[in-house]
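Protein chains in written order, with the numbering used here: chain A, 1 to 407; chain B, 408 to 662.
It is worth saying that the hints were derived from the structure and are not from the lab.
Any given hint could be a false lead.
To be verified - To give a feel for the contact side, a few chain B residues facing chain A, derived at Cβ under 8 Å: (1) 460; (2) 464; (3) 484; (4) 485; (5) 486; (6) 490; (7) 504; (8) 505; (9) 514.
The C-beta atom is built at its ideal place from N, Cα and C for all residues, glycine as well.
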Amino acid sequence: MSIQEQVKSALSGNAFDEASLEKFIESGLPTKKNELWKYTNIEKYWPEFDLASQAPTELSSVDKDPNFSHIFFVNGQFQANESDIAVEVLNESNRDRFLGAKSQLKELLADEPVFNLVESQAKNQYLLELNGVADKPVIIHNVYSSKVAKHSSAHLNVIANANSETTIIESHTSDDDAQSFINNATSFYLKGNAQATLIKMQTLGAQTVQVQNIRALVSRDANFESFTIDIGAKLSRNNISIRLDGEGANCCAHGLYTLQNDQQSDTNSFIHHNRPHTESSQLYKGIMNDKSHGIFTGLIRVEKDAQLINSDQLNKNLLLSKGAHAHSRPQLEIYADDVKCAHGSTTGQMSDDQVFYFEARGVSREKAQKLLAQAFAYDVILKIKNKTARIYAQNILEQNFIALKSE
Amino acid sequence: MSILKVENLKASVEGNEILKGINLEVKPGEIHAIMGPNGSGKSTLSKVIAGHPDYEVTDGSIELNINGKMQDIAELEAYERARDGVFLGFQYPIEVPGVTNIGFMRESFNALCEHQGADLMDEEEFRTFVKTKLPTLSMSEEFLDRAVNEGFSGGEKKKNEILQMLIMNPRLALLDETDSGLDIDALKIVANGVNSMKSKFNSFILVTHYQRLLDYIQPDFVHVLYKGKIIKSGGKELALELEKRGYDWLIEESK
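Just chain B, with the same shape it has in the complex (with noise of 0.2 Å):
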């Protein structure tokens, strides 16, 4: 069984179509790659599984592994869809002033608690659990203190993304360029934390402009997204031929 599937999805925004009929299985344990050029709807595609407010759905259908069935989400809550096991890690990490992370991040693990009927956490023990987390990604204590991404450096709201994503600990992991603007250290180390939680049980989304990410994690499957469409899918080869061709020759072959 598939831990997502999605058929024949078009969505668009402000009256806009930007996906234009897209199909995409993903079953426990796969890592996939959506890459294509700029303004071919890849982030699209991922706030739209996330359930962004600002996308309307128009057609197709996205189906969920919730408890061992397929549900179609596509209008559930963007909430909703995070209790059932979605995660979204932001391409820009929306900063909070005047809440903590560890409040927020306490706050989103007790709702996911809650849904799943399991014990609540007290502060202390969440923190606890949290400092467990954090060698994983070089962060240090100081981040749970500080409110949510602000003042951080692009590197640190990205290492955040991934703190909050192993704390939530998703069935399926969105990540929406979350290797843009890294430095190499600081790619190795978001690398680290996907690869830490990566399992036969859960699975991995990853958008991304650059082949460099799919040096540090390997995809089972590349997807080339262009015009709102999937036009080509392959192994992680296809990421080395695109890195040596650019999308031009997939782009003609595709008319």
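Next comes chain A alone, as it looks inside the complex (with noise of 0.2 Å):
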């Protein structure tokens, strides 16, 4: 059966959102002549669609760092009694409150074949409201168990409400066995001066792979910063769309990938300034070792009555290998006439004399590589403004380093 007949047989009649399972029945998978695809080629990593198989999901063990709120998710599905923070599921009651609210946010990832393929799926829609300001950070842990269904797929919506202020983290774990194909969504809709982050740390199983879409509606002096933290995976690919949709509307996207052996990660962001006097900015780093792959794909668009617009996009990539290579592809889309656009994007090796200089000074040339990636990589990881939430991510960023090999 190809891929549109294995989804069509276990989705239709019970799609969540019959029109995006009529767009991903048209299109299929993204294959390589999809330009946001042409590095990846996705239908090699698909196991047959079987939802059938769905396992079993509950909780081994449950570790609660008392600096968070924590909410759990296993193989996609929110387990209640272990979360601190009510998540409700998305339906047809609540589901105008999110969705009816601001049509925009469906023209989100529209035509992105994955993503429609997420909201083809009933199972796992959930919706998260943010009210206030946090005392402390979130962390939304996703755990995967290798029992798992060879499929798992989840939608978080998350109204961040007017004047709240609120750092998620998004974990994703994996037993190292598992081996499934993990297809998500996040999408927020931040009303006026609502402040919101959000931080993917995916450490998963060597034998995974992730796709994860993140949308974000961002109303007048709202202020949206995500963070993308690869490190582990066999394929991560994150498909980001954000549009800044009001006056004073900022945000920021950066990401991280850290890849050894035959990993590949693949990155495409999509900032959207739709109304003057908006700001954007973003940082993305990749370090490859082995065989590894990093791509991104940046474009950003200034539409024509979005003056005075300031918006800047770096994308580094540092090779500890021969055989890792890196792809960058900045664009810029402007139809309007008075903005500030930067973007950039350099590929290079760890520099000779830098590690010579740590020598020189007594440290092994092992460990110098390794404090040089290191600082490279925090650069991300610097960026991320609460406090609690920053020492995470270095923690979780330090117990994974990719092992540096000499050459």
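Taking the hints as your guide, dock the two standalone chains into a single complex.
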């Protein structure tokens, strides 16, 4: 059976969003002919679409750091008993509260086949509302067990109400032998003056595939910051689409991918300046070892009447071995005439001069390389404003930092 | 016993022989100045002694006094030589974005401590220790928390090298043109740093272009390097003569 047929037979008649399902059946999975998927053949990673074998979902152990509020998902399914914060199931009655209010949100990633696939599935559609200033950051634990069905999908819709302020860490972990194809989405609707930060910390096992769709509609004077930190998984793909939809709306979209062996990480970001006086900033950094492959494609679009905007984008890649490679495609589409946009990209090896400087001071070559790679990576982590979340991210990175080989 | 004994040292980079048989012996408490025209191999000599991986030693030996025994270090990695008491002050100190100056110094200080079996210092202890060295070099504490050499002026970079030297307290300091590009005030501060560390237990090799440095640091020996060989050695009066007469007469004499 073709992939379209597999999906059609599994979801037809009980899709979450029929229009999305129709679009997916029409398009199928993206091929390399799709410019946004030029370097990643997603079909190669696709296991048979079989939802019948969904495994029982339970947490084996729960470790709750008191510095955070905790929310748990296992194989995409919310675990109410363990969680500190209530997450609602998105249904007909509360759906309009989220999507109905702003039809523009529906336009984000509307032509992305993998996102349409998430929207096709009725299982694991959730809603989370944020109010007021959170006293501590939230960790959303996404745990994937090895007994899971080959496919796992979940969509968390987040409303950040006016003047709310929240930092969310989305951690993604799995058993070492988990082999899931995880296709998730997190959508934000930030109302006036809301502040929300989303930090994806992905340390999945080496046999998993993760596609993460991040959408944000940012209203007047609101600020959205996203961090995608990819350390694990065989393939990680981020589709990020942010629309700055009111004056004074700002966003940051930063990312870090540290890869080894034959890992691949592919990020596609789209920042849409739809109103004047909006700002965006992006820093994506990749460290590639062995035969790994890092890809960044970033498009900034500035609409005709979105004057006086400020936007910068930078992608920097550090290659640690001859077999590693990086692709970087910064793109600008500017229809306004009074804007400030800067973008750039660099790819290079570790500086021998810097390594020797450490060596001349008694630090071994191996340690010097590790410290320099960490310094390269910390640039991104240091942009996390919430201190508790920043230290958390720093610790995870340190624990998982790729083993460096000297050549 | 000497601290360093270099015999018939020959070294090349990418197949080109730069050092063509150097002999040099340095005893504890001595300051040696290496002078010579551009391209004579002065900087190469300090880099080869420090163990720069771009240079290949093709003949001769470099012996260092390690715990009272002369040992050939020519095959050791640069970090091993540093741990055994060799310090190289860089002609062009390297910028390391993302690493704080104090973090960098603590990393190297603790690497030395570990090698010598001494207790490591935590951040707070180390900061207190480093702060005692700052007045000698007229440096403010703010330098410690900036990224290594990033955005430093030429003089600040050189002072930072001397600060690292004072922290590591080496037995043999190789200062590669530490005086180049310094104004007179910075030069005095750098010389002050060297003089404050000088003792009967350690030695210095100053690679320099200019006699001016030697007005502030008194060398015991001056060596003139030309085309990869030492063509003349003498006391500090040799430097004064070079200042007056240049190198040509020596080059003629050596032919």
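Original post:
With 8 Å as the cut and Cβ atoms as the points, is residue 464 of chain B at the interface with chain A?
Top reply: Not OK, violated: residue 464 of chain B not within 8 Å of chain A, min 16 Å.
**OP:** Classify the hint on residue 514 of chain B as holds or violated, based on whether any CB of chain A lies nearer than 8 Å to its CB.
**Re:** holds (5 Å)
Original post:
Any CB of chain A closer than 8 Å to the CB of residue 484 of chain B?
Top reply: Hint on residue 484 of chain B: holds, closest Cβ of chain A at ~7 Å, below 8 Å.
Subject >> residue 486 of chain B as chain A interface residue, shortest Cβ-Cβ below 8 Å >> reply: Given a least distance of 4 Å, the restraint on residue 486 of chain B holds.
Original post:
With a cut-off of 8 Å, does the beta carbon of residue 504 of chain B approach a beta carbon of chain A closely enough for the hint to hold?
Top reply: holds (7 Å)
Original post:
Under the criterion of a CB-CB separation shorter than 8 Å, is residue 490 of chain B in contact with chain A as hinted?
Top reply: Interface hint status for residue 490 of chain B: holds (5 Å vs cutoff 8 Å).
Subject >> Interface hint outcome for residue 485 of chain B [beta carbon to chain A under 8 Å] >> reply: holds (4 Å)
**OP:** So, residue 460 of chain B near chain A? Judge it on the closest CB pair being under 8 Å.
**Re:** This hint holds: residue 460 of chain B lies near chain A, its Cβ roughly 7 Å from the closest one there, short of 8 Å.
Original post:
Would the stated hint for residue 505 of chain B survive a check requiring a Cβ distance to chain A of less than 8 Å?
Top reply: holds (3 Å)
Checked against the numbered hints given earlier, the structure breaks only hint 2 and satisfies all the rest.
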